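Visitor: Sequence:
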Amino acid sequence: MGVPDKRYSVIVGKNEREICLLRGFPCKWGKCAFCDYIEDNGIDEAAMVELNRQVLSQVTGELGALEVINSGSCFELPDETLEDISKILKEKDIRKLFFESHWMYRGRLDQMRRRMGVPLVFKIGVETFDRDFRERVLNKHAGFDDPAQVARYFDSPCLMVGIQGQTKDMIAYDMDCLKKYFKLGTVNVYNNNTTPIKRDEELVEWFMEEYAWLRGDPSVEVLCQITDFGVG
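Each residue of the sequence shown is one higher than the last, beginning at 43 in this note's numbering.
Incorrect hints may have been included.
Here are the simulated lysine-lysine pairs, DSS-like style, with alpha carbons at most 25 Å apart [what the hints assert, rightly or not]: (1) 210 / 222; (2) 240 / 73; (3) 138 / 222; (4) 240 / 210; (5) 210 / 225; (6) 138 / 48; (7) 56 / 132; (8) 222 / 240; (9) 240 / 56.
Label-pair restraints from in silico Cβ distances [said to hold, decoys possible]: (10) 241 / 133: 39 to 45 Å; (11) 106 / 75: 36 to 42 Å; (12) 244 / 95: 44 to 50 Å; (13) 92 / 268: 36 to 42 Å; (14) 153 / 102: 27 to 33 Å.
It is worth saying that the hints were derived from the structure and are not from the lab. On a predicted model such as this, the values are computed, not experimentally measured, just so you know. All residues carry an ideal CB built from backbone N, CA and C; glycine is no exception.
Let's have the full structure, built from the sequences with the hints guiding it.
Guide: Right, dumping it as structure tokens:
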């Protein structure tokens, strides 16, 4: 994956919000088998802070909600950037913030909620609730056993469908867990990238037909391309 050229957008339709793609330090895990989204980070903190400040300057507060993403977890953003986000929330009267975090940071979520001072929707890249596939194939380093464990900490799982080795039963289980345990969720239809993990076209076709109803579900966002949120 190359370096993104669009870092600000507005999401309309479901859970309307502004979204900013910022730069942080390298992902603390960085070993997910399917992820090549590792170029968009750095170690030059001053440069990252300046870039992030330029991106955040586009936030208007018009929708009262903001999502901030980066190529890892929100805890890997520079501290000065986190301060800038906190200021933006106050200045623009933003009442809801979406952040994403790896499972390893689950013990720090409440700390971040207190720091930001507005209701947070914490996303997590679950990919699948099938532990064997998640850990053995995808190498997520997220050793929970069931969705109830995730729901104790996080508000919105991100699931992935259409990977070779997945089955229809696995996907059905994931969709059931999403609807049973969570009020919000994202389903990413897998697209081939530079990693050895490959897309299963027949499985994607089945999913798009079998779960077409998710398109009308206000609580679930289905992304067919990684740029569907308008950034990347």
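Visitor: When the structure is checked against the list of hints, which entries are broken? Sort them ascending.
Guide: 8, 9 and 13
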